[in-house]
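*Asks:* What follows is each chain in one-letter form.
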Amino acid sequence: MKQRAIKESAGDRTVNAMIYFVLFIFSISVLYPLIFIFSASFSSPEAVLSGKVRLWPVGFSLAGYEAVFKYKLIGTGFVNSLFYTGVGTLINVVFTLMAAYPLSRKDFYIRNWIMALFVFTMLFSGGMIPSYLLVKNLGMLNTVWAMVIPGAIGIWNVIIARTYFRSTLPDELLEAAQMDGCSDFRYIGRIVLPLSGPIVAVITLFYAVAHWNSFFNAMLYLKDQSLYPLQLVLREILVQNQVDSSMIVDVEETMAREGLREQLKYSLIVISMVPMLIVYPFIQKHFVKGMMIGSLKG
Amino acid sequence: MKKTMMLALSAILGLTLLLGACSQKENTNKGSESAAPSAAGSDITEAGSLPITKEKTTLKVLMYGNSLVENFATNEFTKWLEEQTNIHIEWEIAPEKSASEKLNISLAGGDYPDVIMGFTISPVQMSLYGKDGVFLPLNDLIEKYGVETKKMFETISYAKEIITAPDGNIYGLPQINECYHCTMPQKMWINQEWLTKLGLEMPTTTEQFYEVLKAFKEKDPNGNGKQDEIPYAGFLNNGPELFLMSSFVEKDVNDMIVENGKIGVAFTQPAWKEGLLYLRKLYAEGLIAPETFTQDVNGVKKMSGDAERMFLGAVSGIFTGSVLPSPERVTDFAAVPPLEGPSGLKSASLNPFGLSQGTYVITNNAKNPEAAFRLADFLYGEEATMRAIFGRPDQEWTSNVDGATSISGEPAKWKRLINAGLQNYGWSQTGPSLRSSAFRLSEAAAPGTQETILYQETKQKYEPAAIDAGKVVPPLFFTKDQSEELANLSKTITDYKKEFLAKAVTGNVDIEKEWDEYLKTLDKMNLPRYLQIYQEAFDAKNK
Amino acid sequence: MDVSREKHRFDLMPSNNGNALLRNMRKGWQLYLLMLLPVLYIVIFKYVPMYGALIAFKDFVPTKGIMGSEWVGFKFFQRFFESYEFWRVMKNTIYLSFYQLLVGFPFPIVLALFLNYVKHKYFKKSVQMITYAPHFISVVVMVGIIFQLLDPRTGVVNGLLQFFGMEPLNFLGEPAYFKSIYVWSGLWQNVGFSCIVYLAALSALDPSLHEAAVMDGASKIRRMMHIDFPGILPLAIILLILDTGHILDTGFEKVLLMQNSLNLSASEVIDTFVYKVGLASTVVNYSYSTAIGLFKSVISLVLMLFVNRLAKKVGQEGLW
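Chains as they are written, first to last, in the working numbering: chain A, 1 to 298; chain B, 1 to 543; chain C, 1 to 320.
Bound conformation, chain A alone:
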């Protein structure tokens, strides 16, 4: 960026201050629960239950994490999730770009029909049972493919990618390229993709998060516990069972389950959050202001 020769006006400085202030307050309000969760995961279970944990760990203990690692399914779940997320996201991004770019082109004759076709599926779906039958008939049940193919395209992401292409790729650029005899494929490879940094980063993030958080597909299509992703395992432990007075209650078992859940709750949350937090900085750098578009004018 060029050195700014003009100083900021007083008005601008107040705006600046206000911006920093608001962001700061908001971040603090968000930071508190995050710190709480981290602290709770390192506190003794009794302290957590009795509400003693306010900000910092009370009765430092690794009991939560020990319990997590004892539960073997959590380990396999974690690894599985990493795999599904990695492979799935790759497939997602490729398919999405393949769909979004043609849709962004005004000279793509059937773009509106395709859009209608796509958007319709966002609102209407056949439901769980026909999808299950389809996956079964394709022979993908209980395989890795069932986790990465059925969600391959998120129409929402296609649409924002399309919007991005439309806003950032000027028609003049295309015209100029075509005049020079550039084919569509070359245009995509030479110009479109290099300029797509931000949007590829965004949809990669969105798909990765969706994969990481998903459990429904796994519940539907997988039979082997060894293929379960992390979130499915988490749900089984964390979602509270409704105990009401008309149920037969085995005191021992109920207490054991509650104990398990309380012990694992916060450490599990931390473990499931950490990969997404680690990934973010790598994506973040693509949101840096000032991309190469400016160079076109030169």
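Treat the hints with care, since some could be wrong.
Said to hold, decoys possible - Computed footprint of chain C on chain A, listed as stretches where at least three residues anywhere in the stretch have a Cβ under 8 Å from a Cβ of chain C:
1) 66 to 77
2) 145 to 153
To be verified - To spell it out: a stretch of chain C is covered by chain A in this simulated footprint if at least three of its residues, at any positions, have a beta carbon under 8 Å from a beta carbon of chain A; those stretches are:
3) 31 to 45
4) 117 to 127
5) 137 to 144
6) 196 to 203
7) 213 to 226
8) 265 to 274
9) 286 to 300
Calculated directly from the structure, the hints in this document are not laboratory data.
Glycine is no exception: its CB is placed at the ideal position from the N, C-alpha and C atoms.
Keeping the supplied structure of chain A fixed, place chains B and C upon it in accordance with the hints.
*Replies:* Using the frame of chain A, we list chains B and C on its own:
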């Protein structure tokens, strides 16, 4: 041009839809193999003998998941079972929280396994799928091979009748778990320490209970000089009304009642209004914690006390372990006996049936239904039940009790060696098994521990006041249509009943003024039809 | 420079000549090729299973399959419309969804605009990271945190109220507060994540525009209003249209966890209603839930088309 495009697109869409619908291989009844012996029948050994089949047989099982069981396939009990019976199980585990979806998909997909185990398949589902031939009727198998099953029918008198569908067939086997204290689950617990400290007697009437709560509030029983005691607190689905209403009307655990063969509800009776007024009085004087209607079990646990002192005077629930700050506090609390209400009524709600239905079902995909049945029958045996639920003899439990006393105060027959938790030695409580009341009560337990307290309080205080078992609405076999209609009605009515109660107690509605409106609203919600459906099913059962 | 070829390339108006499509396919065959795989995917995985919507019109029994189940027409739709709670549930759902839409729409934009102007790199990155994290807190823990904060005895909010001399309030027991608690906690949890899209869009804006504006002495506010905001407006409008498409989907887990007998009059929405009726039933009634889902989809479609048309009327690009 646009029009042709539209037409073309719609045609393509229509075609794909059609193709999709036709090509999907859905479940077509895979030939209704009845309970007649199949070709593999010759492989089965005599009833009651082990192993079950001469050659190793594989059984495919869909099992209800359990977060306390590490891995059914490598489980110790599974291995022992296979050694004993020669049956190898191929597992498919349904995640617990989404189990019913998994079950329905399995049924819809046609690729359901030989056996479905651990689900509590409702009577209506059993008769529905039984009629279609998907679930096999077990009557003949029980006759021919059901050694332990028949014994179970003798010990548990109500079992056979409850699991038999209106068409006379038995489609699923139950799990018997006669938890004695669970038959009278709606209890009130009070801080006995505080009663002693303030020199008060255990209350026996509703009026006395009121006085005691007031004393808790005003007289500082926790001795810190502040009036910070919480006389009573409850939590979601465990409110004060579950116990206290029994002093005003007779009801079962669902607020329903059977009088002279007629099914009725407790919450429309004038006495229910009296109960509401009583609860309102308690609330208005600050004796019921306002959070009772909004908090979950963790909330009440937090407010009950901490390591130094207690804040809680009374709490409702089936047992106190989950709501007290630590296990040691459990002995501080005693059960309040059913109180005598203003009209002189003293009762306790009852849930006499200690069984879960449909925990073992054999489908028409089973190539060897005899073996599948004999496996279930074997699980009812005492040793199998012990190993499945409690673990290995002399490792997780033992019959060497050293003269200890049992929960019921008699000489004990067995005792646990470790506490329940995440494990791989047994199936926790999934699957058919038989724990009769007598068996459960013969477990060794030191006096003053949770189980013995529960037993004694129930026996001494609640049993004498329990309503007649004939007044309890039994588990009923509804038809599919009845069940669907009922679902809508029951949700609306139950929610409204709870809503009105909460608002009445907290003072958001004026009970006297709104009572008639309340009854009218229930009418509009079609309470009469709700009762009618129940009555039809009840009559069909007692024909 | 072949003018006539150029003209045909950018054939925006379909001529009445059926060959326009074929011509477009020949010229732009590479685009069509790219499109092939995604379209195939959509047809196979989304359209082929769509016959499942028929469940709404049948008395579905899993073992009979969809085609084998009995046809009942609008029976389940009727049952829903005639059920006692219908109006209350509809009202709560619509109110909650619109509230959520109204609140959830502007704040991510504002946050993105603010972040865009932060010079200090570490501050900017940290704020982004921190605000993005809550999105991953599971709903169970989130509701637990809400309960804790709003606790009448020990909660921070009531502590503040008492500090200012006011009575503590049992927020979760008041129907009037339910929707606000739900919506604002949702915003708090998701705004950092939702603003990412806008950040990406802002980062793709031509920086020379800003440089020129600064040269001209424009203040930050003016730059925001005249450069940034118009720059991301197309995206914002598209997202608004898409959000209307999901307007009736409140999702049931969070609502269910926050519901209780005292706030039920405000907290019962379509999704929780369907869930609880399903639970109360001892036979899972897919027909009923599918019918209600279909009903929701139709309404959402109508709303979405309406908003799309509105957007185009004010000169913005719609979905098509």
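*Asks:* Test coverage of the region 66 to 77 of chain A by chain C using CB-CB distances below 8 Å; three residues minimum.
*Replies:* violated (count 0)
*Asks:* When I compare C-beta atoms, does the region 196 to 203 of chain C have three or more residues closer than 8 Å to chain A?
*Replies:* holds (count 7)
*Asks:* Please count how many residues of the region 137 to 144 of chain C have a CB within 8 Å of a CB from chain A and say whether that reaches 3.
*Replies:* The restraint on the region 137 to 144 of chain C holds, since 4 of its residues have a Cβ under 8 Å from chain A and three suffice.
*Asks:* Closer than 8 Å, Cβ to Cβ, for at least three residues: run that test on the region 286 to 300 of chain C against chain A and report holds or violated.
*Replies:* holds (count 6)
*Asks:* Quick check: do three or more residues in the region 265 to 274 of chain C have a beta carbon closer than 8 Å to a beta carbon of chain A?
*Replies:* violated (count 0)
*Asks:* Taking 8 Å as the C-beta cutoff, is the stated coverage of the region 213 to 226 of chain C by chain A satisfied by three or more residues?
*Replies:* holds (count 6)
*Asks:* Can you tell me if the region 117 to 127 of chain C counts as covered by chain A, using C-beta to C-beta distances under 8 Å and a minimum of three residues?
*Replies:* Check passed, 6 qualifying residues.
*Asks:* Would you say the region 31 to 45 of chain C counts as covered by chain A, given the rule of at least 3 residues with C-beta under 8 Å?
*Replies:* holds (count 11)
*Asks:* Within the assertion that chain C covers the region 145 to 153 of chain A, do at least three residues meet a Cβ-to-Cβ distance smaller than 8 Å?
*Replies:* With 4 residues in contact (Cβ-Cβ under 8 Å with chain C), the coverage given for the region 145 to 153 of chain A holds.
In this structure, the hints that do not hold are numbers 1, 8, in rising order.
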